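Protein chains in written order, with full-length UniProt numbering: chain A, 1 to 390; chain B, 1 to 390.
It should be emphasised that the hints constitute simulated quantities derived from the structure, not laboratory data.
Hints may be right or wrong, so weigh each one.
[To be verified] List time: in silico DSS-like cross-link candidates among lysine-lysine, alpha-carbon distance up to 27 angstroms:
{"hint": "1", "chain 1": "B", "residue 1": "K336", "chain 2": "A", "residue 2": "K252"}
{"hint": "2", "chain 1": "B", "residue 1": "K387", "chain 2": "B", "residue 2": "K337"}
{"hint": "3", "chain 1": "A", "residue 1": "K292", "chain 2": "A", "residue 2": "K387"}
{"hint": "4", "chain 1": "A", "residue 1": "K390", "chain 2": "A", "residue 2": "K379"}
{"hint": "5", "chain 1": "A", "residue 1": "K389", "chain 2": "A", "residue 2": "K379"}
{"hint": "6", "chain 1": "A", "residue 1": "K387", "chain 2": "A", "residue 2": "K303"}
{"hint": "7", "chain 1": "A", "residue 1": "K109", "chain 2": "A", "residue 2": "K139"}
{"hint": "8", "chain 1": "A", "residue 1": "K222", "chain 2": "B", "residue 2": "K109"}
{"hint": "9", "chain 1": "A", "residue 1": "K109", "chain 2": "B", "residue 2": "K141"}
{"hint": "10", "chain 1": "B", "residue 1": "K109", "chain 2": "A", "residue 2": "K228"}
{"hint": "11", "chain 1": "A", "residue 1": "K252", "chain 2": "A", "residue 2": "K222"}
{"hint": "12", "chain 1": "B", "residue 1": "K109", "chain 2": "A", "residue 2": "K246"}
{"hint": "13", "chain 1": "A", "residue 1": "K246", "chain 2": "B", "residue 2": "K347"}
{"hint": "14", "chain 1": "B", "residue 1": "K138", "chain 2": "B", "residue 2": "K222"}
{"hint": "15", "chain 1": "A", "residue 1": "K159", "chain 2": "A", "residue 2": "K141"}
{"hint": "16", "chain 1": "A", "residue 1": "K252", "chain 2": "B", "residue 2": "K347"}
{"hint": "17", "chain 1": "B", "residue 1": "K109", "chain 2": "A", "residue 2": "K109"}
{"hint": "18", "chain 1": "B", "residue 1": "K138", "chain 2": "A", "residue 2": "K109"}
Bear in mind the structure is a predicted one, so any value in this text is a computation, not a measurement.
Protein chains: 2
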Amino acid sequence: MADVKTSNQPAHPALLIPGPIEFDDAVLNSMGHYAESHVSMPFVNVFGETLSMLRKVFQTENPASQPFVISGSGTLGWDLVAANLAEPGDDVLVLHTGYFADSFADCFKTYGANATQLKAPIGDRPQLDAVEAALKEKKYKLLTVTHVDTSTGVLSELKSLSKLVRRVSPETLVVVDGVCSVGCEEIAFDSWDLDVVLTASQKAIGCPPGLSIVMCSERAMKTFEARKTPPGSYFASFVNWVPIMKNYENRKPSYFATPPTQLIHALHTTLTQVLSSPLSERFARHREISDKVKAAVAELGLKQLAPKPENQAHGMTAIYLPEGMTPPEILPNLLKKGVIFAGGLHKEIATRYIRFGHMGVSVMDENRPDIDRAITALKDGLAEVEKAKK
Amino acid sequence: MADVKTSNQPAHPALLIPGPIEFDDAVLNSMGHYAESHVSMPFVNVFGETLSMLRKVFQTENPASQPFVISGSGTLGWDLVAANLAEPGDDVLVLHTGYFADSFADCFKTYGANATQLKAPIGDRPQLDAVEAALKEKKYKLLTVTHVDTSTGVLSELKSLSKLVRRVSPETLVVVDGVCSVGCEEIAFDSWDLDVVLTASQKAIGCPPGLSIVMCSERAMKTFEARKTPPGSYFASFVNWVPIMKNYENRKPSYFATPPTQLIHALHTTLTQVLSSPLSERFARHREISDKVKAAVAELGLKQLAPKPENQAHGMTAIYLPEGMTPPEILPNLLKKGVIFAGGLHKEIATRYIRFGHMGVSVMDENRPDIDRAITALKDGLAEVEKAKK
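Chain A on its own, in the form it takes in the complex (with noise of 0.2 angstroms):
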């Protein structure tokens, strides 16, 4: 096996790690559009259907739901989040599933909030009943939760989550990081009474990396609009952006920064190709396409980070690497193969383990060889190694 030639592309090897995922030809030939005035109607037309096509992505029909697309990596959506719906001091309570549970918290800290980390175990998700107790413990302004944990391939429960919040802390904003999810899992933004889910472009979504993607429910609007003080950041401000948003979304040019704008016709050209189908049929495939990579690792004989089915997410898999083989050893022989996975990155186990991600055009293309290479390169690629280690 070596690159093959799937697409228009030029003929390089499949990219399977948990984002930037493998494009389609049309999201990327939107790319390369013409320059175009950020204030001209063409383009503000696109930026404006744009925004509304994401409250379908997100399943919210509420009207005072409020969508962000900025320039700036998914990261810039942490702070859009501690900078503007936080105040210094409020407490923030924050689901420890990874990695990136530990940078949030430290977002919060820079905006001045005290984040509380609840954790559980490399593999698993904080119980109910333990947020149930934290939540009785303290007044908590922001609840966070990783969807996806990227970092350990741990899926998150949100349905449940949000309605314990509800019962046990009303006013507690239940803020999502949909980074590795939104796309790929079911997310239902109104049903299930989230208040902020936020994501990044180049996961699931599609779209090539540099677009911080949030939407934000009428409660969390509210709370924004409720501060005593102004937003702790200029950039990531909700002041500066809201007029912004609802102009375009209204059609009416308008200008704080300069957007990127070739970046928002390829989210334009994604998001069309996104809602072509039902959403529920994308999952389903997703969940499908996971259920087959998890069944051929397990054949591998080899665990997975997440070991309880509920917990695993759909659009990635973490894989423990077999005692005593590192990334560094199989992941140069899988690109020799066409294939790019990436290594571990949960800082206590980053050397045992690799993830795997399907997520995309490579799961909902079922002209791609992707994921069926990707299971042949990982079964022959860790017998090589094992042979070669002998």
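Knowing the structure of chain A, use the given hints to seat chain B on it.
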């Protein structure tokens, strides 16, 4: 006249606003690069080379100068300065030449610094004796200057300004907002002893929007390292970004937030083009075309916002419309002729002027008819609108 096909791009009106500008075919092709891991060596090498090339574009040979390329709008550059180089309570002197100084001052205020604005009349810039008097009155941690004010077309003189600061207040950092100047105006970072120059990708550098680009001097980095308080932003924190930028430039994979891989490729492509001939020729060509535009404007009996030749930018021209004519009258006429200019941005006089951007490929590529067509369109358009009003 209608839209013309001057490249491999679809026919479209020539974008001649002060950014985004027209992009070269090779740059737009780089935007469609296939998916790559942000920590793979092919991408790490491209990002590393990009950072090294920026040193040449800014004309700095001091290895302790620090380049940054971060996913975000040009506006993010203000946060990078205000959150990392100023501390709460610090005094900052903001030289005001238009719209952007007000916003930069707001940004400093967000992070707790006290911004004092030194204002000039519209179309002019603060004079050196006034700057000297201000510097003697109070100790300023930073002085900021907008090299080219996109709202007025006013050019500031950096060399003598920096010399003055070193003489009167040697520790004050000289911060240049070069959003509309880097790539079209001479900037000699080392020999003029500048401390920060910030810019955005979509102006004279010629890469689509979505990258904040900053160069910091050794003195600026020492000021950052001597901070007594942590930076006020998380996404814009040098604590997070300095190790990442150093690692990429040393060709080592590194992760804080996913870089916008396609935009980095496009920046690499355009910087390679910019550096393919001496920078002095590039600046001379921009001056030559600017002289031509300004002569044509004078011949039409129109006045510039910046009346003094030494105050006039070379990458754009801000032009007062004939008495009684407004941007909504002339701009659609120009659009029909295949040319896009921008309306006014300076709040007090926004309805009385238009802005003509002449930067990058429209100026450097002698095969492109953009500038000549724009001058003809302006002449014809003004006559038609005048006639229709009679």
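These are the hints, each one checked on the structure:
1. B:K336 <-> A:K252: holds, 21 angstroms
2. B:K387 <-> B:K337: Within the cut-off at roughly 17 angstroms; holds.
3. A:K292 <-> A:K387: Holds: K292 (chain A) and K387 (chain A) sit about 26 angstroms apart, inside 27 angstroms.
4. A:K390 <-> A:K379: Holds, at roughly 17 angstroms.
5. A:K389 <-> A:K379: Holds, because 16 angstroms separates the two Cα atoms, which is no more than 27 angstroms.
6. A:K387 <-> A:K303: holds, 20 angstroms
7. A:K109 <-> A:K139: Status holds; Cα separation ~17 angstroms.
8. A:K222 <-> B:K109: Holds, at roughly 24 angstroms.
9. A:K109 <-> B:K141: Distance ~26 angstroms between K109 (chain A) and K141 (chain B) Cα, so the pair holds.
10. B:K109 <-> A:K228: Roughly 16 angstroms between the alpha carbons, so the hint for K109 (chain B) and K228 (chain A) holds.
11. A:K252 <-> A:K222: Holds: K252 (chain A) and K222 (chain A) sit about 24 angstroms apart, inside 27 angstroms.
12. B:K109 <-> A:K246: holds, 25 angstroms
13. A:K246 <-> B:K347: holds, 21 angstroms
14. B:K138 <-> B:K222: Answer holds: K138 (chain B) to K222 (chain B) is near 22 angstroms, not above 27 angstroms.
15. A:K159 <-> A:K141: Holds: K159 (chain A) and K141 (chain A) sit about 19 angstroms apart, inside 27 angstroms.
16. A:K252 <-> B:K347: Status holds; Cα separation ~18 angstroms.
17. B:K109 <-> A:K109: Given that 27 angstroms is the threshold and the Cα spacing comes to 20 angstroms, the pair holds.
18. B:K138 <-> A:K109: Since the Cα atoms of K138 (chain B) and K109 (chain A) sit roughly 33 angstroms apart, the hinted pair is violated (cutoff 27 angstroms).
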